Amino acid sequence: EDGHILYGFFDRVEKEMFVQLIGISGVGASTARMMLSSLKPEEIGRAILQSNVKLLESIKGIGKKTAERLILELKDKVGKTNTDTSMPVTAANSLQQDALHALVALGISRPQAEAAVNKIIISDAAITNLEELIKKSLKAI
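Residues -1 to 139, numbered by the working numbering, are exactly what the sequence shown covers, in order.
Hints are computed from structural coordinates only; laboratory data are not their basis.
The model shown is predicted, which means the values in this text are computed figures rather than measured ones.
Glycine included, C-beta positions come from ideal geometry on N, C-alpha and C.
Do not rely on the hints blindly, as some may be mistaken.
What the hints assert, rightly or not - Listed below are the simulated DSBU-like cross-link pairs for lysine-lysine, each with C-alpha atoms no more than 30 Å apart in a straight line:
id : residue 1 : residue 2
1  : K58       : K133
2  : K52       : K75
3  : K137      : K58
4  : K117      : K137
5  : K13       : K63
6  : K73       : K38
7  : K117      : K13
8  : K52       : K73
9  : K38       : K52
Stated by the list, open to error - Here are the simulated distance ranges between beta carbons:
id : residue 1 : residue 2 : range
10 : E71       : G6        : 23 to 29 Å
11 : H2        : E130      : 44 to 50 Å
12 : S121      : V17       : 38 to 44 Å
13 : E71       : Y5        : 19 to 25 Å
14 : I125      : E71       : 36 to 42 Å
15 : G6        : E129      : 36 to 42 Å
16 : D9        : G105      : 23 to 29 Å
17 : Q95       : A27       : 25 to 31 Å
18 : R10       : A113      : 20 to 26 Å
19 : G26       : S107      : 16 to 22 Å
Using the sequences and the hints, build the whole thing.
Written out as structure tokens, the structure is:
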């Protein structure tokens, strides 16, 4: 209660997202950290702007009501700060996105899952089966 806790951030965007997240009722520092370790700040912002409740719910510690509250309270704020000029390549491919969501749901961190899926996609561009992509990605981790 009286102690000081030090948080480190990769960049200014991540820090700004953290500050916005902890400003929401029901979202504390540990939940905000969990969100930022599961998704990039840009992905959280995009999920909020697109009202993607399911993506937010896929994060450990975020239920339906909290996801809806995040969208309701942050939609205007995120819209102003998140210019989102860089749509990641991963968002363009639904097979790749589905595999990422499955791996994150299994408890694998988002960056680790992205690296594994990208590695498999690059090495086997002809892959079209979601189950096969997930299995190969798990083996790559």
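Take a look at whether the Cβ-Cβ distance between E71 and G6 falls inside 23 to 29 Å. 25 Å, holds
Taking the CB of D9 and the CB of G105, does the distance hold inside 23 to 29 Å? 25 Å, holds
Does K73 sit within 30 Å of K52, going by the straight-line distance between their CA atoms? Holds, at roughly 16 Å.
For the pair supplied as a hint, K38 and K52, confirm whether the alpha-carbon distance does not exceed 30 Å. At roughly 16 Å apart (the allowed maximum being 30 Å), K52 and K38 satisfy the hint.
Assess, step by step, whether the Cα of K137 is no farther than 30 Å from the Cα of K58, and give holds or violated. 23 Å, holds
Does the Cβ pair E71, Y5 satisfy 19 to 25 Å? 21 Å, holds
Take the C-alpha atoms of K73 and K38, compute the straight-line distance between them, and say whether it is at most 30 Å. OK: K73 and K38 at ~17 Å, within 30 Å.
Would you say the C-beta atoms of H2 and E130 sit inside 44 to 50 Å of each other? 48 Å, holds
Quick one: are I125 and E71 within 36 to 42 Å, going by C-beta? For E71 against I125, whose Cβ atoms are near 39 Å apart, the range 36 to 42 Å holds.
Starting from K117, check that the Cα of K137 is at most 30 Å away, please. Holds, because 11 Å separates the two Cα atoms, which is no more than 30 Å.
Does the hinted range 16 to 22 Å hold for G26 and S107 at CB? The hinted range 16 to 22 Å holds for G26 and S107, with Cβ atoms some 20 Å apart.
Is K52 close enough to K75, meaning Cα to Cα at most 30 Å? 20 Å, holds
Checked against the numbered hints given earlier, the structure satisfies every one of them.
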